[in-house]
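A.B. asks: On the provided structure of chain Z, position chain R as indicated by the hints.
2 protein chains.
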Amino acid sequence: MEAYIGSIGSKLQMLTTSDHASVVSMNLFVALLCGCIVIGHLLEENRWMNESITALIIGLCTGVIILLISGGKNSHLLVFSEDLFFIYLLPPIIFNAGFQVKKKQFFRNFITIMLFGAVGTLICCTIISLGAMQIFKRMYIGPIDIGDYLAIGAIFAATDSVCTLQVLNQDDTPLLYSLVFGEGVVNDATSVVLFNAIQSFDLTNINAVIAWEFIRNFFYLFLTSTLLGVFTGLLSAYIIKKLYFGRHSTDREVALMILMAYLSYMLAELFYLSGILTVFFCGIVMSHYTWHNVTESSRVTTKHAFATLSFVAEIFIFLYVGMDALDIEKWRFVSDSPGTSVAVSSILLGLVMVGRAAFVFPLSFLSNLAKKSPNDRIGFRQQFIIWWAGLMRGAVSMALAYNKFTSSGHTHLRGNAIMITSTITVVLFSTVVFGLMTKPLISILLPNPKHQSRSLSISSDPATPKSLTLPLLEEGQDSLDDLGGHEIARPSSIRALLTTPTHTVHHYWRKFDDAFMRPMFGGRGFVPFVPGSPTERSPPNQWH
Amino acid sequence: MEAYIGSIGSKLQMLTTSDHASVVSMNLFVALLCGCIVIGHLLEENRWMNESITALIIGLCTGVIILLISGGKNSHLLVFSEDLFFIYLLPPIIFNAGFQVKKKQFFRNFITIMLFGAVGTLICCTIISLGAMQIFKRMYIGPIDIGDYLAIGAIFAATDSVCTLQVLNQDDTPLLYSLVFGEGVVNDATSVVLFNAIQSFDLTNINAVIAWEFIRNFFYLFLTSTLLGVFTGLLSAYIIKKLYFGRHSTDREVALMILMAYLSYMLAELFYLSGILTVFFCGIVMSHYTWHNVTESSRVTTKHAFATLSFVAEIFIFLYVGMDALDIEKWRFVSDSPGTSVAVSSILLGLVMVGRAAFVFPLSFLSNLAKKSPNDRIGFRQQFIIWWAGLMRGAVSMALAYNKFTSSGHTHLRGNAIMITSTITVVLFSTVVFGLMTKPLISILLPNPKHQSRSLSISSDPATPKSLTLPLLEEGQDSLDDLGGHEIARPSSIRALLTTPTHTVHHYWRKFDDAFMRPMFGGRGFVPFVPGSPTERSPPNQWH
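So the protein sequences, as listed, match chains Z and R.
Sequential numbering from 1 applies to the first sequence in UniProt numbering.
Sequential numbering from 1 applies to the second sequence in UniProt numbering.
FYI, nobody ran anything at the bench for these hints, they're computed from the structure.
Among the hints, erroneous ones may be present.
The list makes no distinction among identical chains, and a pair is therefore deemed to hold if it is satisfied within one copy or across any two copies.
What the hints assert, rightly or not - When the alpha-carbon atoms are kept at most 20 Å apart in a straight line, the in silico DMTMM-like pairs for lysine to aspartate or glutamate are as follows:
#1 242 to 44
#2 242 to 45
#3 439 to 44
#4 439 to 336
No experiment lies behind these values; they were computed from the predicted model shown.
Only chain Z is shown next, with the shape it has when bound in the complex (with noise of 0.2 Å):
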């Protein structure tokens, strides 16, 4: 990762080149987030729409109408950049994944999605490598080395799960939400580790000892990134739990707990880890233990916090991607041969088409064998559905392709604008065309619970699908304790450990968690009662 944290000077150059056009485009760009809020907001009772795809299709009318209004010369306000990605719009995101994930389900599936998410991408980034090379060498494309095709497998591996899980409910299908939601941030790392792998090995030789040095890298990143991400939100519970002791004060908290989230990604980058894993680690034994030691406000407040900078990422990158998708720079290369790059396109998006399922399916049998109950298991319609969910690709692939394929935003090789605008195009066509279909689609290989309890949740709680699983975190605070008892009897024997083994680590680490972690680091039960509670603050009657 820490090739992108290179020029972010490049981030807001369109600022130095003209003030007060700079002032213009910040004032639209803001003006357009906002738009997309609303227009999303009046949108959500759509069957197809989703606040993703808005953005996308707004950000490329905006483009569009720049387009003419400059005469053809400029379609974005800000050059897309992988700093400003990489470094402010992702970690929040996925520290927000973290901090608001069911914990029970994701830890209960942890193997399946360390399969999918790990061997999986590794399958899909191999087989989209392989069908590239053996295509792409047939047609005149220009001077591509094994090296591109690689990272091109590496880009095209890194799915965007962020449309689907606008779409899934972690209530209705918490099964399905996790596996997708999951293997979305294990493959978004292994992504990103295998693309900064193939940049820097030599790969003009492979044999066996550098097959076996990758695969030995790749665990110790992994590694490495969780112990950190761990490490760094059990200083912050630790920290806060000793020094705010009877003396709390909610703005303290709540920037301790946003910068020390910010620490551990950079702090990640620093050790050339794997930024992703650490802060998503960070969020989920921040939401364990540091959530528990602040006052009431700060608990809505962080909750809530952190899911709106989130949300706005969000946003912010598919305008960004929409607006950027026009730059007229990057298709000048492509108007001569406009054949060659839509089968370029459509090349690719077969491959990772075929590439997902020749994991999905088969991995989903693999982890259905292990599993004993009918319940666990994974059937067709939801493979399929996972299948579908990792369709889409994203800001992941767009930044890597960038980064790749040209220098500082601009590029002016053939070859490499042509695997720009089709990394743009399979970008564009899968969220929008793919994304359109989910909702449908969800709804008719999964009709009854999904329909009836989407229609519940909309009545009795007039919040977003978003903020529908925001109350989860309280009711996911103590699934890692109950995991152990409430369905299973306590295995008793080193052959329970073998037949149910997640339920035994469970049962250990929630005897572990009591009696030294949460006198230690706190968490729910394990700190004295906090004031500072919006209900206690203020009369009752305020608040109605």
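C.D. replies: This is chain R only, laid out in the frame that chain Z set:
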């Protein structure tokens, strides 16, 4: 202000030089911010310290350490940039000030605040300019023209009341707080407008026409900026009231409020107005209307999120100023003649004290003449505190000085270097020495009410002084309404309007607000009960 939004690329200039070094810098900076919060919390009960001084001292110490490690080459992590300050750090501080201010006190003292903030700053600027012109002409400093002298006046007329406001309490000394606070906001705006006017006007031949133009321009800016802020605030209230009726979403509401507040600032920049004034009045309108149209969760979240943003931005600024103070490049010019630098700094500090005294005491006298009730008058001790509270010079002065005397953070002229180092010296000296003396001074001058309620508030509410002001928002909501009725009988004639103008204006404002504004834009008591409160959504036992 337009001029400041130039080369924002320089903001993260360090990032372009070396990739890994930049990550190290960002890590260190975030870690230092965390450290400042923790140390500030530990020193909270200390008689002398406050958060600003802590941040400044930590910044200085870090600067020394970096200077030693780098062998005297470098002392800061980031190059100080007016852009970063004016675009990202100042808006949240001023918006939060408007959002949390006690509107009752602010509007009651509106005329006095305007006297101090606008007329006083003009007097102060004139005295400093004339004094500097007379004294510096006799010293060998370098080529300084009349525009530079006027700029020096504007630079050193900009007070920094952040430090004082951390010590003054809105509950104990409401009059003093609102005067110091209101003056601070108006003073910031006046200084910036003044500075821009000096930069753009042809000042070689000043005559009555230019002076009249200048004054007209000032009032035009003031009025339009205020109106723009009020308009944006009302727009946000209207959108949220109309759109979110019955279908509230906390994330969207919070995101809209933050984005619209920022939009108001950027719009002001777009139209070459004063963003500071605009965002301040936007904050006032948002807390009066918009804040009442959202869910309970949104209210708690926005209240604390804005306060936290402002808090972090303040610490960031002081840390930044402290670290930048040791920049070796600027001190090189001064090292030849340390006597000159000390002399210039002392003279400027003296002029600041004289210039402030020259308007605080006469204007307080004028203001007292208009007041009938002795309680409303400003006593001599209070005048002394108002004088003292405005002696600190801070980030606004630094930003203006950098804008005037450097080009993108570097200076190569002796005169300019001396001005920069003198500004740094005055800022450091006034913030640390005067800042340290403020708490003891206030407890000597206002011994009884201050001390009693301070210890009381700590025992009854474990929040910090900053957070103590937060619950006041609710009380503040109805202050505009109550003002007309609760103390003074309703005026029934034109004579009453002349003798108690403020109260009469408020009485009619209240009628207008109830009859037209609130039904249109929402507000306390004019919005149906909004579900989604933390107390409603989850069972009560979850919150204990």
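A.B. asks: Work down the list of hints and note, for each, if the structure agrees.
C.D. replies: Results for each hint:
1. 242 to 44: between (44 Å within a copy, 15 Å between copies)
2. 242 to 45: For residue 242 and residue 45, the Cα distance is within 20 Å only across copies (17 Å; inside one copy 46 Å).
3. 439 to 44: within (12 Å within a copy, 53 Å between copies)
4. 439 to 336: Cα proximity of residue 439 and residue 336: none, with 38 Å in one copy and 73 Å across.
Of the hints listed earlier, the one the structure fails to meet is number 4.
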